[in-house]
Structures are given as structure tokens and as C-alpha cells.
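Chemist: Residue strings, one per chain:
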Amino acid sequence: MLEMIIINGLVLGGIYALLAVGFSLAFGVARILNMGHTAFYMITAFIVYIAHRWLTVPLLPAVCFSILITGILGMGCYQLLFDRVKEHETAIVIISIALAMLFQEILLLIFGGHHRGIPPFLSGFATIAGINITYQHLLTIGVTFFTLGGVWLLLAKTKLGLSIRAISQDREIANLMGLDVARICKITIGISTCLAGVASVMIAPIFMVHPLMWVSPLIITLAAVVLGGLGSIKGGAIGAFILGFAETTVVFIIPAASFLRGAISISVMILVLLFRPQGLFGIIFEEELL
Amino acid sequence: MNRYMFWLIEWFYGEVLAIPGRVIALAFFILLFLVGVVTKNPYLLDTLIITFIFSIYAASWDVLAGFTGQINLGHAFFFGVAAYVDALLNIHLGLPPLVTIPLGSIGAVLVGLIMALPALRLRGVYLSLVTLGFPIILTGIILVFAEFTGGEFGLSGISSLSSSKLFDYYIMLAVMLVSFLIMFKFTSVESKIIRVGVILRAIFEDEITARSSGINTTRYKVLSFAVSAAFAGIAGSLYAHTIRIVGPSTLELLFSFQALIWTIFGGMGTIYGPVAGVFILYPLTEFLGVYGATENFRIIVLTLTMIVIVLFMPEGLTIWVRDKIEIKCSRCKVGNIITRECCRVCCAPLHLGKRK
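Protein sequence lines correspond, in order, to chains A and B.
With numbering that gives the first Met the number 0 applied, the first sequence corresponds to residues 0 to 289, in that order.
With numbering that gives the first Met the number 0 applied, the second sequence corresponds to residues 0 to 355, in that order.
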């Protein structure tokens, strides 16, 4: 029981963490509140499905290819749509929602509302401490932590990471220091959508692939990001793990409450915000205090 | 008597016919009135009734978001709560619509006040994302207590508003007109009757400054929450009595987003913007269905229209059109038609410093 909660919590929390980190990057650096972030997550799963099932590409190349395509698609959307309405915050929200709905409807038109499966990367299971864990779950946990570590290394140790952090702190000054803000914003969006893609290909063999799969992770991602503090990447990841564990625990203890999965995450978020309006790791400026 | 008539005609010529926006609004309502006289087509009347309800809903979102800057992403919460309160009272207690509609609206106001509790401590994106959560929590609760709330299939068997469709249509038209008038006066900066609009505008522009000039911003933010919830509640209750079935779809995430979509398409921070948005987009998507378009195709057209509109007119359609046909006098702040050379009240030249 406890072991199952830990394993499932790690899987879910890891997936939400990847999504939340991508969302935080897009918001903190490019100032885009991308409500369609999880639509890219859905698209990757479908590209894998098309490549593997229809074009019979082997799974590993299909996965790499689909993550790459998602990143390019994200950059294209940024260049064509978001970049043009940067000054209007509400316009960005609208465009991203519209884009997500557009993707959803196009996929519904092509695939219909059926649930589809992707074969797992590794079959079989290991027995650890008396419980059976599929290799797919272990692989998912490994890949998520590896990717999160990679993002941390990228941000902390490389020159690109330095410029991303500089822009998130102060766009104008970063621009004055000779950074190409527009280009780095575009790259950041690419990284953010790629992270959504990684989350997607890891979770798709465990869950199902269908055109409405973006709605429930979107809510939890938003909750995790707000819980951790908007714009704080570390906060987003920790918030995601908290919510992932909260969700798994409740579903395991009261199976009838699986309808309440989203509700629980949101309640945790509202409770935290009541006592800490800036989230767990967010910073609030003196003049913004109410 | 004669003097009053003369004054009324004078006012009509001077204040209504002089401004193209008001002429359009007047023509629009006369047209809606005539629709009921000319046609008895039940499909057309049904579509228009739903359009009225949604336009009240979208306008009530604008009261909160466009005038105090609190972007509420869970507006369907008010709509859904009112619809459910209405349905439960109507089915279990057998109360008539005349009683349940105000009670539904009061229910929406009460939950609006609950929602305002965290909202008062938060601002900006945090507020939006917290409000997003409330309908999701309620949906979960509704699905858990399925035998009382009808679960996924919802509650059915709600009594209809009146026996005749045409009578329904005119009731809805009247309710919509009155709601718009109240919301417009409530938020209008120039209104002489209700002086809240100018305070809301001040909070929108700069909350800290508004506070330091002695405005109790908390009170006005709660007030705008309550007014917004009340009208969304009226819309929800009317919806329950029109569709006669209330399910969790009234609390859906996408339904909350619909309010944003309509309002931003039409123009935020005006009450007529969301109305125009609903009256263009909702019938458009409905009538596409008549010509054999499937639901998917309709939404694809809708989303593409939205993206194009937001890209080319980020302020919204009505504001874009208004700037093309009207100009504000820079001295006395009175609206004028764009073709005038000088202001109709103070005779100040209107197009100073603008290239012809």
C-alpha cells in the first residue's frame, strides 16, 4: 500500500513536475501564461501514436522525433502568434486556450473520441520489497528525474541558462547587456514544449491517448505552479510532487473519491494561498502586498 | 405635456441619433423586438433565447474582469451554482420560476462572497488560477453525491418558464435589457446615478493609489464580485428553466473560458462588447450546424476566428469599430460621430493634430 502510493506518487508527481517546470519557464522568461501548455503534451502523444502505429517507425526514433516536432511546433506558435500580442496579457490567455481547443478538435476530427494505447518501452516487472512494479513505471521515474536534473544543469551551469535567468530577472537590462531577448525567449518556449513532450511520451504507455487528455493535467499543472510560486522553477517542481502525492494518497485510501482528484489538488492550492499568497517559493514585492 | 414631448424628442435627436454607437444599439433592440413579431420559428427563437442568456453571462464576467481587473477564470461557478440551486428548489420543493430565479441568483452571490475570500488576498494571475479551481471542486462534489445531484447526467424535469415560447422570448428580452442597463450604469464612469463605476475604474488603473485616496478598495472589489455573481446567477437560473436539464456541463472549464472568449472577442471593459461577442459568435456556430457542419468543424471555425480577431484587433471588435466611427471631444469628453469637424457640445475642433 505505502509502497504503491510512493511509486505512483513519484510517477504522477514527476510528470506534473515536468509540465510545471515547462510552464514556469514559459511564464518566467517569455512572460507567456500558456493555458495550452498541456495541449503540446497531448500532441506529442498523438505524434508518437501516428509514427509508431501508422508509419510503423520503431518506438525509440518515433519518441525522439515527436519530442523534436513538438519543440519546433511550440517555437512556431510563439513566433507566429504569441510574439505578436505580447503586450496584451489577456490576449495571450485567449490565444493559448483557442490554440489548445483547435488542436483538440483537429485531433477529434481525425481520431474520434476513442482511447488509444501506446506499447510500453519495456515490458515485464520487477519485484521490490514484495510488490510488483512494471519496468515502465521505473523507467518513467528515472527519465523524469534525469530530465529535471538536465534542466537544472542547463539553467545553472551553461551560458544559455545564464541568459535565460538574466532575462527572467529583468528583460530590459538583459537586452542592454547585449542578449538577444527574442531569440532566447523562442528557445525557452522550445525547451518548455519539449519538456511537455517528454512528460507525454513517458506517461502515454501508462495512461491512454485521447484528444481530451490535456484538460486534467492542465488544472493540476496550474495548481502546482501557483502552489510553488509563479515563475519559481524549483517551486513549481516541488508543488507538482506535493500534488502528485496528495492525489495518489487520496485515490488509494478512498477509491470512491477518484472524482475528487482535481478538487483535492485545487483545495490544497487554495489552502496554501490563503496563508501564503505568493505560493511556497514565490517572491512578493512590498508594493504588491494587499 | 407638450413641453415634455418636445423635450423627449429633443433629447432623442441630440443624444441618441447624434452618436452612431447608440443608434446601432437602438436598432439592434428594435430588431430583436421585431423578430418575435415576424417569425414563430421555434428553432430561431430557441437559439436567440440561449444567446440572450449567454450574453448576460458574458457581460457579468466583464463587470468583474473589465472594470476591476480581476480575471475570473471560473465564472461558470456562479452560473452552475445558480442553475443547480434553481433546479433543486424547483424539483424537490416545487417552487415556481418566479421564486427560484431570484433564489438561484442569491445562491450565486453567496458563493461569490466565498470565492471573494481568497480573492481579496490575491491579485493578478494568482487570483485567476484560484478562481479557476472553484468549479472543479464543485464538479467533484456533485459527482460524489450523485443520488442527490443527479451525478453525471444531471437533474431533469425542471418546469419551463411559461407555456408559450413567444412569451418566453419576450421575458428573456426584457430581463436582458434590464440586466444590461443595470450593469452598464453600474460600471459606467460617466453615470450620474450610480457612482461606483468611476471608483472601479480607479481600482483597475492603480489599486494602491485608489487606497491612498481613501477608497475602501476591499469593499468595492467584494461589491463587484457580488454584482457579477448575481447576474451570472440570473443567467444560470434562466438557463435551467430554458434547457430544463442541469448537468455538470454548466460548471465545465471550457464554459468558463467561453465567457472570456466572447468578451475578449467583443471588447473588454465595455458592457456592449461581450454582448456583441455573444450575438456574433454563438449564432454563427449554431447556424454552421444547420448547414451540415459537425460540432468539431464548428469549434475549429470558432477558434480560428478568435485567433485572427485577437491577432489583428487585440482590443476587441467593438472597440475597434467604435474607434472607427466615434471620436471623443478632447475638451468636454462627449462622444461625437467621426465625420464631425467640431464637437457638438462645446464646438472644440475634434481632429486637431491628426493627418487627414
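Just so you know, these hints were derived from the structure itself, not from any lab.
Each hint should be verified, as a subset may be incorrect.
[Claimed, not checked] Beyond 12 Å from chain B on every Cβ pair, some chain A residues (computed):
#, residue
1, Leu72
2, Pro118
3, Leu121
4, Leu138
5, Asn174
6, Leu270
[To be verified] Here's a subset of chain B near chain A, in silico, CB distances under 8 Å, partners left out:
#, residue
7, Pro117
8, Gly132
9, Leu259
10, Met267
Treat the numbers as computed from the prediction; the structure is a model and nothing was measured.
We treat Cβ as the ideally placed atom computed from N, Cα and C, and that holds for glycine.
Chemist: Does each hint fit the structure? Answer for all of them.
Modeler: A quick look at each hint next to the structure:
Every beta carbon of chain B lies more than 12 Å from that of leucine 72 of chain A, the smallest distance being close to 15 Å; the non-interface claim holds. Every Cβ of chain B is farther than 12 Å from the Cβ of proline 118 of chain A; the closest lies at roughly 28 Å, confirming the non-interface assignment. At the 12 Å boundary, the C-beta of leucine 121 of chain A stays outside the reach of chain B, the nearest C-beta of that chain being 34 Å off. At roughly 31 Å, the least C-beta separation between leucine 138 of chain A and chain B is larger than 12 Å, which holds for a residue marked as non-interface.
Every CB of chain B lies more than 12 Å from the CB of asparagine 174 of chain A, the least distance being 23 Å, so the non-interface label holds. Its closest Cβ contact with chain B, about 9 Å, brings leucine 270 of chain A to no more than 12 Å, contrary to its assignment away from the interface. Of the supplied interface hints, the one on proline 117 of chain B holds, with its beta-carbon coming within about 6 Å of a beta-carbon of chain A, less than 8 Å. A hinted interface residue such as glycine 132 of chain B counts as satisfied when its beta carbon comes closer than 8 Å to some beta carbon of chain A; here the least separation is about 3 Å, so the hint holds.
At about 6 Å, the closest approach between the beta carbon of leucine 259 of chain B and any beta carbon in chain A falls short of 8 Å, and the interface hint on this residue holds. Annotation: methionine 267 of chain B was flagged as interfacial toward chain A, and the flag holds, the nearest CB pair being 7 Å apart, inside 8 Å.
Consistency note: the structure conflicts with earlier hint 6 alone.
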